[in-house]
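A.B. asks: Taken in order, these protein sequences are the chains called Z and A. Anchor point for the first sequence: position 215 equals 215 in our numbering, and the numbering is continuous, going up by one each time. Anchor point for the second sequence: position 232 equals 232 in our numbering, and the numbering is continuous, going up by one each time.
Just to be clear, a hint being listed does not mean it is correct.
Identical chains share a label here; the pair holds if one copy fits it or two copies do between them.
No more than 30 Å apart at the CA atoms, straight line, and that leaves these computed lysine-lysine pairs for DSS-like [unchecked claim]: (1) LYS316 with LYS50; (2) LYS276 with LYS126; (3) LYS309 with LYS119; (4) LYS34 with LYS309; (5) LYS44 with LYS225; (6) LYS276 with LYS316; (7) LYS223 with LYS77; (8) LYS50 with LYS352; (9) LYS126 with LYS306; (10) LYS230 with LYS128; (11) LYS329 with LYS34; (12) LYS150 with LYS316; (13) LYS230 with LYS329; (14) LYS44 with LYS119; (15) LYS128 with LYS223; (16) LYS126 with LYS110.
If you are wondering where the hints come from, they were derived from the structure by calculation, not from laboratory data.
There are 2 protein chains.
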Amino acid sequence: MENLRIPGPTPCPPEVLQAMARPMINHRGPEFAKILFNVTDMLKQLFQTKTDVYILTGSGTGGLEAAVVNTLSPGDKVLSVSIGFFGDRFGEIAHIYGAEVTSLTFEPGKAANPGEIGKALKADPKIKAVLVTHNETSTGVTNDLEAISKVVRESGKLFLVDAISSLGSIPLPVDEWGCDVAVTASQKGWMVPPGLAMVNVSPKAWQAYASARMPRNYWDFGKAKSYLEKGQTPWTPAVSIFFALEVALAMMLKEGLTNIFARHARVGKAARDGVKSLGLSVFADERYASNTVTSVATPPTVDTKKLLKLMREEHKVVLAGGQGALEGKMFRIGHLGLVTEGDIKAVISALKVALPQAGFTPK
Amino acid sequence: MENLRIPGPTPCPPEVLQAMARPMINHRGPEFAKILFNVTDMLKQLFQTKTDVYILTGSGTGGLEAAVVNTLSPGDKVLSVSIGFFGDRFGEIAHIYGAEVTSLTFEPGKAANPGEIGKALKADPKIKAVLVTHNETSTGVTNDLEAISKVVRESGKLFLVDAISSLGSIPLPVDEWGCDVAVTASQKGWMVPPGLAMVNVSPKAWQAYASARMPRNYWDFGKAKSYLEKGQTPWTPAVSIFFALEVALAMMLKEGLTNIFARHARVGKAARDGVKSLGLSVFADERYASNTVTSVATPPTVDTKKLLKLMREEHKVVLAGGQGALEGKMFRIGHLGLVTEGDIKAVISALKVALPQAGFTPK
């Protein structure tokens, strides 16, 4: 089997995969209701939230779209804080639905500066919401969301957080940090195949919902809420992925959040140390380097595409390339969800062999 | 195991369920690209279309939303032909996104009258699109889509079809009947767990797309098109359900569309004959009774909820209740996808025992 080391989809434990193969059931019957209630309850614990949590059938991007269309109206001003590809995407969604988007962009590899966010909010008091990526998967940078949350909460703005590749893997106490909507997705740290987005909705987000006028149907939180009361989802859900999620969340609660976070911290450090031991550089500002994905700057002599192909075909290690403007300039090692230090050692050992074949000449 | 006889999710063959348990792969790698191309090609054959086909991660309702937002602008006039719950939903989606919706509604249990659709189109030449449900799952009625398609094509309007519970089970030659967008979903006749919507997009739909101004991102056909060119989807797809779909579509091509349609016709007749043999009435106008789902009018003395519970708990047969205003007034037997006459016989035998326990006194 391959060592799938991309930042999602992530490998799934055998028990989780086995749950995927369960026969279909009625999504409007008592068995599904029991699973839905149980999964929602477990997610609340892992989100560290007492606010509402909903599970939507779709990708993480669908969850971001839900965060936008449920809380905003066309013409609303939003501050979109971006440190990369996924930050840009979040702002673009708000723009598509008619928000007036002010972009606050930081250089690829850097984290967002909370002070500058505060300045931008003071400069335009009409801003209604702040969009922030917790962990930027495209550059391997984790924003200091706690510091950012303080600035945003002081301003009283709505705080919409892309937590797709952070929640459940690295610390993000959703209520303590005042996330009005935090979005994640099943194929990340949750060790489940892709197909479900998970979101929390704070009382303040519900207030915004009441007057938000962007069109919404499929992603409508109000519909999710009224159906959840009877143990259902408004539209036919991806039932098999709920089966898998129930198994994975129980495993996560058994391991415990503290242990999960510590494991990701160890594994992240092992990845960065390993990369440096090969004579390569971590692309991200190391003070903010992510513990779920490590970005590696491709040395000038190395052909990234060839390297990834060699790794995949000869070493059964699947890595990710760069996204958008960073294609060819970096590669990424995913280490979230089902991952051990041994998995990372295997990646580093394989890179040691493949790098010279792809043109690398260490200094 | 239960005899799951609801109109979706439908039972899945063991090979399909086993495919769901395959380990995760990179959704932007060569292995997924191969599956995506293969599945798209097989779907085109089963849709009987040479137009584009896309697979979207979401439910059938997501597919209906995609049909609307990709082809229409706020203020566009549309004719929404409804013969039930799902017809109403399609029109409601268009309304939510700002279309000016004229509803042409027919009595529950009846089919739409093509002549009246023609009249409505002549009455308002500004109508741009017609929304029609091929098979209304809530009442068990199949519209005469061929006749309707003639009227719509003569008018030159855009033809958007909810084919969720018909495509792949009963005859619907997408190109021959000029469907500009036909929408279906994995958990129906395709014998695959829920989580994927499948749509075709005709050249005329692409023309409409070019000037359509409803906001679109997650469901954007243009994004699906540009990513499909490189063997990808714009957002992380529900990979496992693609694994399953590849297996199921190969099985369907092996059986052949003609045989599949004939089997559904036989099974549909067996369901209606069985229902009548018990002294019950088919709710649908029998001239248009569906071969994928049979609606049964609950006799006045019978408690529908109790009947469904008895069927589920004592006979392991899962049936569906009525939806919306029809709750308590009918129950439904799903017979699409993986279904034989034997499965229907088992349902009828169980009903024979359960009906008197739920208050039925045959005349």
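A.B. asks: Run every hint past the structure and note whether it holds.
C.D. replies: Cross-check of the supplied hints:
In this homomeric assembly, LYS316 and LYS50 never come within 30 Å of each other (Cα to Cα): the closest approach is 42 Å inside a single copy and 38 Å across copies. Taking the shortest Cα distances, LYS276 and LYS126 never come within 30 Å of each other, neither inside one copy (45 Å) nor across copies (66 Å). Within a single copy, LYS309 and LYS119 get their C-alpha atoms no closer than 45 Å, and across copies no closer than 61 Å, so neither meets the 30 Å cut-off. Taking identical chains as interchangeable, the C-alpha atoms of LYS34 and LYS309 lie at most 30 Å apart only when they sit on different chains, with a minimum of 16 Å there against 44 Å within one chain.
Taking CA atoms no more than 30 Å apart as the test, LYS44 paired with LYS225 passes inside one copy only; the shortest distance there is 15 Å, against 37 Å between copies. Proximity of LYS276 to LYS316 under the C-alpha cut-off of 30 Å is restricted to the intra-copy arrangement: shortest distance 22 Å within a copy versus 60 Å between copies. Taking the closest pair of Cα atoms, LYS223 and LYS77 come within 30 Å of each other both inside a single copy (26 Å) and across two copies (26 Å). In this homomeric assembly, LYS50 and LYS352 never come within 30 Å of each other (Cα to Cα): the closest approach is 47 Å inside a single copy and 48 Å across copies.
Taking identical chains as interchangeable, the C-alpha atoms of LYS126 and LYS306 are never at most 30 Å apart, the minima being 49 Å within one chain and 56 Å between chains. Taking the shortest Cα distances, LYS230 and LYS128 never come within 30 Å of each other, neither inside one copy (33 Å) nor across copies (38 Å). Proximity of LYS329 and LYS34 under a CA criterion of 30 Å is satisfied inter-copy only: 26 Å between copies versus 47 Å inside one chain copy. Proximity of LYS150 and LYS316 under a CA criterion of 30 Å is satisfied in neither setting, with 44 Å inside one chain copy and 55 Å between copies.
In this assembly of identical chains, LYS230 and LYS329 lie within 30 Å of each other by CA distance solely across copies; the values are 20 Å between and 50 Å within a copy. Taking identical chains as interchangeable, the C-alpha atoms of LYS44 and LYS119 are never at most 30 Å apart, the minima being 33 Å within one chain and 54 Å between chains. With identical chains, the CA atoms of LYS128 and LYS223 are at most 30 Å apart both within one copy (24 Å) and between copies (29 Å). Proximity of LYS126 and LYS110 under a CA criterion of 30 Å is satisfied intra-copy only: 27 Å inside one chain copy versus 53 Å between copies.
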